[in-house]
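**Q** Going line by line, the protein sequences match chains S and Z.
For the first sequence, counting from 1, position 335 maps to 335 in our numbering; every step adds exactly one.
Numbers given in our numbering equal positions in the second sequence, counted from 1, plus 1000.
Watch out, some of these pointers could steer you wrong.
Counterexamples of contact, computed for chain Z against chain S with all Cβ distances above 10 angstroms [as the list claims (entries may be wrong)]: (1) M1021; (2) Q1078; (3) D1097; (4) V1121; (5) A1149; (6) P1316.
In silico lysine-lysine, DSS-like type, Cα no more than 27 angstroms apart, as pairs [to be verified]: (7) K1353/Z - K226/S; (8) K1071/Z - K1223/Z; (9) K1223/Z - K116/S; (10) K1224/Z - K116/S.
Interface residues of chain S toward chain Z, partial, derived using beta-carbon atoms under 7 angstroms [said to hold, decoys possible]: (11) L194; (12) H197; (13) T208; (14) A209; (15) Y333.
Hints are computed from structural coordinates only; laboratory data are not their basis.
In this text, a Cβ means the ideal position worked out from N, Cα and C, and glycines have one as well.
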Amino acid sequence: MIELNRRLFLKSAALIGCSAAAHPLMTSMTFASVPSDNRLVVIILRGAMDGLDAIQPYGDPMLAKLRQNISVGPDRGALDLDGFYALHPSLAPLLPLWQKGELAFAHAVSTPYRDKRSHFDGQDLLEAGTGHDLPVNWQVGGWLNRLLQAMPGSKAETAYAVGLEQMKILSGEAAHLGWAPQSSLNFSAQAQLLLEHIYHDDPLFRDTARDAFRISSETERTDVGKGADAEAVALGRFAADRLNAEARIAAFSITGWDSHANQGAVIGRALERLSGAILALREGLGENWGRTTVLAMTEFGRTVRENGSSGTDHGTGGALIMSGGAIRGGRAYGDWPGLGEGQLYADRDLMPTRDIRAYAGWAMRGLFGTELAAIEQSVFPGLDLGGDPKILA
Amino acid sequence: MTIDFPELAAIRLGFGLSPIMAPPPDVDALLAGLARSAPGPGAVTTAKAQELQNELMALRAVRRQDERSEKEFKAFNQRMGRTIAFDLRLRMARAVDDPTGFGERLVQFWADHFTIRPMGVGRNPLAMAFVDEAIRPHIAGRFEDMFFAADTHPMMLVYLDQNTSRGPNSMAARNRKDKKLGLNENLAREAMELHSLGAGAPYTQDDVRELAELLTGLTYDSKKGFAYRPQIAEPGAEQVLGVNYGGEKRASLDDIRAAFRDIARRPETAQYLSRKLAVHFVSDDPSPELVEAMASVWRETGGDLPQVYRVLATHPDLAANLRAKVRQPFDLVVAGFRALGITGKDVRDLEFKKFRAFAFDPMARMGQRWMNQNGPDGWPEDPQAWIAPQLLAARITWATQMPQRMLKKLPDPREMLVTTLGSTRSDGLAWAVPKAESQAEGVALILASNDFNRR
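Isolated chain Z, as found in the complex (with noise of 0.2 angstroms):
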């Protein structure tokens, strides 16, 4: 089978064809699509994440003195509580109303290749700012400079234990020698080993070492926001990967760029992140030659995105592993609604509860419950970690049990078929469909094929 690129496009790198928007006619359109995925008008900062935490903690400590200020914190709580369910309502009324899809697939991917979790209610917004303001403004950029803001991130300095680390030599260490501060290496390590060089890759426990030293001075707190505090940070040059960051001046965080930018610019990060990129996109066993031609692409022009982006767009790998991945639930629900001709503004107008039934609960039902990945390592790629039984039945029941429930009028099945999948759907559903008892199970046996639910 031959598939033009418009539909390969909008199947394995957006979130598949709808009946009311073309999908991209060639790479330069799917290129300049990244553009939508900047940061939007109601983009949230760590500033206003920041009023947000402390208004809910001025809540709670006065809890308890009457009933009036006991119920509004409950409300305020419920509220900071479901900013999670908004924040998916919002991610995914964006990506079913992007036509060629391919940006907020990247959005996806970055916000998990630098895995946060807010860890409780009052960090809600702040998880939210992560993907504003480190994610989406560099996903058309470079690599670097995502690094950059993602590692240096409020919501990753807390996530990662940042926050806690202290440079042993440092003067606030000196002189509080009762207090327990001590240097944290989890940051340093995730930095290396998951969001650039890789696990495998020529780094010592040394390298991890220094890099932590380095990082020491980062703070984040909701009092006082981001600050980078050379009183905690470890005095010296640190050494990492033979390079001397900071020195004989005072530490700064310009010291700090500048290792994120030169362990950016490393070969091993081309590799390991080419080949991520292709493991995400294309297969869970990307041909050497696809991996190779995105990271000498990669290493040429120091981790430009786009420039590696279009090697994975026009490769004919791409083509040739045709269904090799299963969609993640966030993609399956999305590509749902796109493929019922559901827009981003029925999505967004969804009241809380119908949201909640419709893709948030469902979500979690298959295996992906949002903003709760099982580790700084993201979610899984193969599709066996998706399509367990009970996490198949969870994707039957929505393909039974959603369209009917979001839409007035389903779509003819047959209709349907041409319009979502195109010229790939395969002769067994082709088969199948027409001979579906009711308009409702033909639809649903769409959304519950494997073609439907592979990529």
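Isolated chain S, as found in the complex (with noise of 0.2 angstroms):
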């Protein structure tokens, strides 16, 4: 089988993800605009969603049987989407949304990442975007990243890794910025004046310093208030923000995904943070979400059997969850491989019948006409994209 290889990604790990990647020096020589009006978001769901619970296929009358406890379908809860898919009751928030055409899914998704589960390795894949099979040269930094490589008149403003998470998507060596929404920068403005003097003759640190009080001084700092979804609105509404500016590409990540034990308390939490920031997004970007296009991925899927503690294991096969006004939503995309005998991979997940990364190709294909040769050879190196699943309206 395959392995994954740590060497692959040392030369993405070199430049460390986040919001520190290569600094933009030079950012005001950059005048071509991007040359799109087009939005894309990707949120990474850390710890393994289970996306057989998120998107219940209840349709299959497997479903039911391998799961007493949970994943049970419109009888008990869930709301039902087409007679086969019922959404997790926590998602309800986002009903509207499918219902107007803006929520999508693909099921039985995967990278191609196999068998050691770890969730360490499988999101440093998902994030590098790549395979295993490809030499080491290859392997430099995130997707996103060689995305904005691709995308001629990017700069720094273009894409912002958002959040106190790495984005190791975003790492590389295009220029790129990062920012928390908690983040402040509450000097006096004398103090503020006196800091530039300081680092005047030091063109890392003022040059640096100048794009802080920038941004600070553009968005305003979120406290973070209390409840489950906090955190994960504020990062959306920080996102939103950005991307109503000259931002078209923004990354962070949501966490708490990784549910052995009790999976009906912890998905549920986790999916009301989901929700609650792609509600965010479309809030706050108002007439922008038209142009927009989420994808919520996860590093692979959870056993399909419910274990002993009413919780599941790691998997393989996972769900693509898809927003925005872009999407041509309301609907199922890809195929479904079954949960009967013989169906399941290793029998014990959900089988991938197609690869995550061919949407996320397909999208910025639609979003930002980025070249099929570049999206296989360059963003995804080595990709089949396959056919259009035409997911954009």
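Build the complex from these two chains, which are given one at a time in their own frames, with help from the hints.
**A** This is the structure in structure tokens:
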């Protein structure tokens, strides 16, 4: 079986993720504007979301047999979508989006990661966007960064890594910015002037501080309130704010999906965070929501069978949740592999029927006009994009 | 500007100047100070880490039996989670109290060179044992001993997948054909590429594979502890870099030790590690003269580390590249505590919440989440990796908030300028600090300055 090799990620790891990418000392030199008004938001769901519980394929009779306490369909409170799939009750706030065609999903997707089922390696591969079988020098940074490199006119302001979590998906050679909603710079005007004087002869500190004070003044500091979804809402709001300005790409992550036990409580809270973030994006983006695609991705799915502590363990096939006004929503994408005998991966997991990167690849093709060759050769090196699933409206 | 040795050593090789302790007067005092970084009285052992992990697993097994077992598990699990922060608090307290600081800087350097990540709260104590057992005993010794201790330590075996590696022709693999038992090259590759010879050194994929086969047999699990198990080791001799190890006789740990010793003494290792030390302590692009001076002593002495450090500490490049490096968040926070006259005892006595607020969380916001490096190559070295808008904002915010929350009485910024930066303070900073509107802002300007954030 294929083994994940950490060697593949060294190059990207060397260029620390998050906001710490190469600093755009020369930002003012770039006058060309980004050739698109469309927006892409990638939300990394860290901890392996159980797609079978988030979007329940209750029309497959095996689901209820394999899961006594979880994923139980409309009879037990889930919201029917199309007679086959039902939405977890904690995603109820997103039901109006489904009805308006602004929410969709693809089931049975995965990265090429197989069999080891480690969160760390799984997330590394998801954010690197690579396969296992490539020469080392192809493995540079995260796939959103390589998308930036393929976007003429992109500059630091074009992409934001939002939040305190490192976003390896944006690490790499292309300049981008990072900021957390709860960051602030509460310096008095006098102290700021003095600090500018102190940094004056040190270009790295001078230019970085200028960006920091600018971002801080342009954005409101979000005091993260109380409540399960407060931080996720703050991330969504901040991302929307930047996307309304010059940014076209934003990435952040939502944690807390590792539901080994008592899954009902664990995934319920996590889904509330996800729907809070999506609704904050929609509200914050206003008219721009119509030009926005949100992709919520997780490193792998979970076991199909419920375990002994009313939870699930690390699996393979999972679900991609798509949202945004640019989406052709209100429908399920992808091929359903079935949950019956002989249909599971390694007799335990949902069988992946499509590479999750194909959806992201077709999304960037539609949103930014990125060349197919660039997507297959540099953004997702070695990927066969396959047919267009036509997820964009 | 000519900088005298004590100031230079404190700023570039230690954690900065302090108003309450003197810097090392000369290079002999600097090197004598390394003895302070030996394992302390509270050192964590693998045996202790094993015990804690097993206790956690036992509590996990019975959780949900009743309310009491659930509560007990949660409390213990939380305690294990917090050990990471307790570990950081201890590490910082030692660094704050060390008058020369070089030893603790080297603990940081070598622990990062041999990056490990606990990956799960149950192994947090094992990550601490790694530093106490594999790094601290050897920072003032020979590299080959640290190399062997680090790459055969249980924490490394777990982190780099050695634990799951089986000789394809071992007895265990032959008897259990149904189970997937195979060779894993991860540790062998890092041992050569990251830990010793360096990428680009003349070794081949065959050398990696042969070393991986030689390493089969090394195991750790929390029930049985560390063991060398010949039944999972690949039989026969392995040829690594042209030398045969093992052979007709039963494979043993001594063969592995011999291989590590030979790799450690290779000239490529001398070159790679001399350069890495120079990059960390002197400049991202160190001069070939400095690197060669260190590497030649490395070769002559068989990697006797204090003799290599001596070259580094006495070379003119140390002064010539002042401020070329940005202090990593750990170094910045320790230097900040020292500059404010905060003692190691003050740090140790901080309650958990306050320590998180003053050190642990700010470090994460500055891009250095403790024990959570991106990959086995550890923390980045280049200044751009640490100075980006959000990360710099976190440094400035910490400089503004931490002193007022930690101290009842702030120092006079004009005096602090001298006690923390000595003769190295720049004109711009000396001009600006007295113009601050308050004492707190004056202190914040010093701690946020590029003078202070660089070394």
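**Q** Are the hints correct? Go through all of them and say.
**A** Status of each hint after checking the structure:
1. The beta carbon of M1021/Z is kept farther than 10 angstroms from every beta carbon of chain S, the shortest such distance being approximately 27 angstroms.
2. A cut-off of 10 angstroms between C-beta atoms confirms that Q1078/Z is not in contact with chain S; the least separation is 16 angstroms.
3. Every beta carbon of chain S lies more than 10 angstroms from that of D1097/Z, the smallest distance being close to 30 angstroms; the non-interface claim holds.
4. With a minimum CB-CB distance of about 12 angstroms to chain S, V1121/Z clears the 10 angstroms threshold, and the non-interface call stands.
5. The Cβ of A1149/Z sits about 21 angstroms from the closest Cβ of chain S, beyond the 10 angstroms cut-off, so the non-interface label holds.
6. Distance to chain S confirms P1316/Z as a non-interface residue, since its nearest Cβ pair spans about 23 angstroms, more than 10 angstroms.
7. With a CA separation close to 18 angstroms, the supplied pair K1353/Z and K226/S stays within the 27 angstroms bound.
8. Using a Cα cut-off of 27 angstroms, the hinted pair K1071/Z and K1223/Z holds, with the two alpha carbons roughly 24 angstroms apart.
9. Of the pairs offered as hints, the one joining K1223/Z and K116/S holds, with about 22 angstroms between alpha carbons and a cut-off of 27 angstroms not exceeded.
10. Between K1224/Z and K116/S the alpha-carbon distance is near 23 angstroms, which keeps this suggested pair within the 27 angstroms criterion.
11. Annotation: L194/S was flagged as interfacial toward chain Z, and the flag holds, the nearest CB pair being 4 angstroms apart, inside 7 angstroms.
12. The criterion of a C-beta within 7 angstroms of any C-beta in chain Z is met by H197/S, whose closest approach is roughly 5 angstroms, and the hint holds.
13. Because the closest C-beta pair between T208/S and chain Z is about 5 angstroms apart, less than 7 angstroms, the hint holds.
14. For A209/S, the suggested interface contact is upheld, since its CB lies about 6 angstroms from the closest CB of chain Z, less than 7 angstroms.
15. Restraint check, Y333/S versus chain Z: the minimum CB separation of about 33 angstroms is more than 7 angstroms; hint violated.
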